Structures are given as structure tokens and as C-alpha cells.
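Student: Residue-level listing of the chains:
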Amino acid sequence: MARIAIIERKCDRCGACVRHCPFQGLDAENGCPEPNAACRVCGICIKVCPRQAIVRLETKVESVDKSLWRDILVVAEAAGGALHPVSLELIGKAKELAAEVDFRVKVLLIGSGISKLAEELRHYGADEIAVYDDPGLSFFRADAFAACAEDYIKSAKPSVVLVGATSLGRSLAPRLSTRFHTGLTADCTRLEMRANTDLVQIRPAFGGNIMAQIVTPGTRPQFATVRYRVMEAPERCAEPSGAVAVRKIPKAVAASPVRHIRTQPIPPAANISEAEVLVVGGRGLKKQADLEMVQKLAAALGGEWAVSRPLVEKGWATNARQIGLSGRTVRPKLIITCGVSGAIQFAACMNKSERIVAINVDPEAPIFDVAHVAIVGDLYKILPRLLERPEENPT
Amino acid sequence: MDIFVCLKQVPDTNRVQVDETTGVLKRDGVSSKLNPYDLFALETALRLRERHGGKVAVGTMGPPQAEAVVREAYWMGADEGYVFSDRRLGGADVLATSYALSQAIRRAGDFDLILCGKQTTDGDTAQVGPALAEHLDIPHAAWVSNIEVDGDGVAVEQQLQSEVLTAWMPFPCLVTVEQDIYMPRLPSLKAARAVRDRPVAVLNLDAFWDTDPRHYGLSGSATQVERIFPPENDVRRETWAEDGAADRLRAMLEKMGLMKKGGGACGADRDHRAEM
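As given, the protein sequences belong to chains A and B, one line each in that order.
One gets the working numbering by counting positions in the first sequence from 1 and adding 154 to each.
One gets the working numbering by counting positions in the second sequence from 1 and adding 433 to each.
Okay, chain A solo, but in the shape it has when bound:
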């Protein structure tokens, strides 16, 4: 559904729209033209208006025949010449969901010089890999990427579109879901498929105190973003499967007014999302120098150190080291939290870690609700002893 509206302020009453309308769909009795009941929203008036005073207002489709929308589409990401691992995690999840309702899994890859990556994607069990490969897609422009995704979604009609909740994905997904007048659920932590193909989307809501179960009952596709390290990555299969479909580039890519100026790679830094062992400092640390204990333990375990939000606010660490809804999600094999109270915004972003050891003096600290090993004690007594060198070790 859509309708035509005239921006009164811009209109100079030239009458071009009224004259050109094939349906007598515009009245201009009171000066500024107004669409009447005969308007078919054909858009000719928009094209003929010399002042760009006419716009098409889109409104949502009331209901949809769900049986026309099949399969699950994963929007893969190829930033900096490599596949983002969240794309593989989403393919793994998509396969599980697809099996419930006999859907296929399709993958969309947009970029420039990405044929090798498309081949690599064939090893994760998708049924089709659609590729938009063009020099005009060598850098991320939401309008150009959205045009490609729109082109593919219109032809493939997927029931579900999964997008990684990366910077790129979170910029692209809302444009796309809005273009299709449908729902988008951000940062889902659990996804389930119903027999009627409604996707059950569960995410922490309202600051993370509560989980919300969300559905998109009347529209398709159902868009959801999922953070990196929330779903499990599938095993790579040695045998490739599925076909690579190279798609024609929509005209909107060349027409995009967005121009590239430069791309600067961010120097590889410690990446807490990738670490298998994490030691985390929280508010229980009394001064910045004490963070060194956390760093030392992390180094001793061959892992990385991270912090909770209060320490970033104090300026002791950068946001890149922060675990939480306003930082990163982690899923290491081992995480040791030191003096972290474990507000749900923090816990929701680390509670899938394989083993969680929490040290906190407060036996009521919420971190103990997610911990496998709850150490009720003073980190100032425990960490120094743990860090003692062998020769200093009294045993």
C-alpha cells in the first residue's frame, strides 16, 4: 500500500501534476493539489513535478500469503576480503530452522572480487549461494547493498532473512526490512521455527532485564539479526554442496550517489570475541593498577583480558575490551570474572561460555546465577595467590 502526498511548502502551484495525471487523481481547487480517490499511486506526478514536491508514502502490506515465502536466506558478510565467521554461524542456525519446515538455505554474498569466498561458502551445507560481485560493491554503501539484497529477496522470496549483527549488518538490515515493510528483530539470542513458518525470535529486551519473545505474524520476510558468537558455527564439510548463482547487478548500484573516499583497516588488536580464555575485571577492582592482576592471569593462561562496563566508564579500558550489550558478546571455553557483579546486560553476553568461574565477595551477586564455579571471596586474596610464581609458592 502506498499513497501520494504533496509537500505544500515546496509546491509552486504550477499544475504540471494535475495536467499529467492519467486518472484525474489530483484536485487543485484550493491552490495546492491534493490526491483524490481516483489516485492509483502510479507516480507519474512525482516524475513530472519540477520542484520535487510530490512523494510516495509507503505503508505496510496488511497481510501476506505465507506459503509464497519459502526458504531461509543468510546475508553473508565479506568485509576486508574474508568471510565474517558470524555468516557461518548463521548458516548453521538456518539449516536447523529450515529442517523444521522443509525449507532450503540460501546465502547472499555481496562484494567485489568475492568468487573465492562464494566457493568457500559451498562447504557449509547451503543449497544456493547468490553472488553480487561488482567493483561498485567494493566498499559498503547501504543503498547499493540494499539494492542487491532487494533484487535477490524479490526473486527468491525467503520466509526468513538472517543478518549478522555486525556494524555493517546493523546498518543494512533496517533499510531492507523497512523496504519490505516487515519486521526486524535485533540481537536475537534464540531462534525457533513454527510449523506455520513463523520465526520465534527471542532477545534480551528493555536493557536486558527481561527476555522478549517476538514474532512477525503478518508480513514476510521475517528479518532478524544475530550477534557474533551467539550461535554455534557448523563444521566445514570437505565436499562442496549447492550452486553458486552469479546475479546481474541492479542499476541502483551504479546510480548510488555515495562516493568512496578511503578505507583504513583497523590494526589487528586484541579481540576478546575470538579469545578462548578470558579473564574479566569488574567494579570490584579498587584502582586501575589492580587491573594488572587480571592482565597477568590472562597472559598466564594464554588468553585475553576484558572488563565490564564500569571500568570503561572510568576510562581504564576501551570499549573494544568491554563485554556486554554495549560492548561485545563472548563465548570462550573458559571465562574467569573478578569482581564483576554480573548485571544481566553483562551476563547475557557471556553466559554461553563453556565454563564460567566467578569471583565476587557478595554471595548475592547475580553473576553467580550464571557461574559454574562460584567463588564467594575477595579477589585481592585469591588472585595474588593464584599468580604466585612456583618458587614463591609455599607448597
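Hint data in this document are derived by calculation from the structure and do not stem from the laboratory.
Any given hint might turn out to be false.
As the list claims (entries may be wrong) - Using 27 Å as the maximum straight-line C-alpha spacing, the simulated DSSO-like pairs for lysine-lysine come out as follows:
{"no.": "1", "chain 1": "B", "residue 1": "693", "chain 2": "A", "residue 2": "487"}
{"no.": "2", "chain 1": "B", "residue 1": "688", "chain 2": "A", "residue 2": "487"}
{"no.": "3", "chain 1": "A", "residue 1": "450", "chain 2": "B", "residue 2": "693"}
{"no.": "4", "chain 1": "A", "residue 1": "535", "chain 2": "B", "residue 2": "466"}
{"no.": "5", "chain 1": "B", "residue 1": "466", "chain 2": "A", "residue 2": "468"}
{"no.": "6", "chain 1": "B", "residue 1": "488", "chain 2": "A", "residue 2": "535"}
These numbers come from a predicted model, not from an experiment.
Fit chain B to the known structure of chain A by using the hints.
Tutor: Showing chain B alone in chain A's frame:
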């Protein structure tokens, strides 16, 4: 250059209540503040006005009390403000919220640049900005940490995960800004006195181009919250007291192969992948 800054009034606390029948957040009776991320968008707008002239308009969708955040923006230096307030706009998801904002902003004027904070502290989705740009059919850039006017558009530095991407977009366009773009100024008491009588325009749905209430609020939303529940918790846990905890932890780490017997670390420097 005329700039519109989107503001949102958010609960001052994370202890919020949810209406159990509709699944909609109850906002009555909770103290509110301006979404802190919006301060960076407002500051960016004020700096651009200082350099390039024009006006800074601000607007927020919410109950009539949301006027408070517009007043706060006046104290910082905004020129004009709007509250888009209508019961029929309530309970909106990303689609309906961004649609209502697009309608309201079209009514408020003709802007070269629309600025948003990167996200809100209550919804945390970061989706409304790009969705609004789509409704307005203008280009957008998200996660912007630097913005320079360049001819008939802006050069923006976008913080993507593995790279900083600088691109140019023509006006009109929409930008969501990171919190490191500019340090927000403090509201000025002097300004507060000067703008005490400055009106805040209140627009309701009848002022929009599309006055069909079915396109807004709960009924215009594509998503539905089916149920709200506390986070699940079925962890098998053991609790250790402080005494001896360090030694037990050491034994556990040794068993996992992360520490050598006696305390030395055996984790070699690992090859960390570039941040993605």
C-alpha cells in the same frame, strides 16, 4: 544548512515494567532522561551550525512530557523543537516508529541533514536511524565518528568492525553518530533563561501526510511481542569459599592444560585474528 536531530526520552533506570497483556513497556511512573547517545548527535549538529550556519531543529516522539528533552536541547543551543505526540503512535516497533518519524520530520520542515544517536539505552537496537532513512528515501551512514561538510554533502567516517570507511554522501542524508564524535557541551543556565519562552511545537497524527492510524503504533507494527519472561537459568553450579579457592582454581586450570603444575603459565602467545 538545516539539521534535524532525533531525540528520545528513555527511562532513567533499567528497572522497567512490562504490561503483561500487551507486552508493551510501561513508561508511566518511571523517571526519564534524554537518551545519552542523542547528546552526541545534538552536539554534532551544534558544531556544524557554528561552522556552516543554518538552524538546528530537534524532535522527539513520545508523550507530552517528552517536551522535557526538547527543553534540554534548547539549553544546549537547539533553535526549534517538536514533540510528536499521539496515543495512536504508542506501542510502535522499528517499522512503525521510523514511519511515524519520517512523517513527522516531513511536516517539520526540509532538512539537509538528519542526525541520530547510534542507539537508545532502552531499546538498544540501533535500527530506527537507518529505517528512517529508508522511509525518507535518502542515503544514510551509521557509526559515524567524524563528519565534514564537503560541497553539497558530507564526508563521513564510519566505524566498521575491521576498517574505518570514509565516504561522501549528498544532502539530504541521515547520519547516526558514535559517542566519540564530539564531547557534548553542558546545558547553559544563561541559555535556559533566554529560551524559557521558546515554544515547543506539538504535532499529532492529524498533522501528518498519512493520517491513517492503522499505519502507526501497535497496529502499524510488523512485529508482535508474544511473551516476556525472566532470563532462564539452569546452570549446574558449585560454590567455593575463599579459603583454598586459589589452590582449587589452580588445580582446575592445570587439569584444563592452561597452567603448568606448580604455577607457570603454558599458554603461548596466540595469533589473534583481526577484529571483525
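Student: In ascending order, which of the hints set out earlier in this document are inconsistent with the structure?
Tutor: 4 and 6
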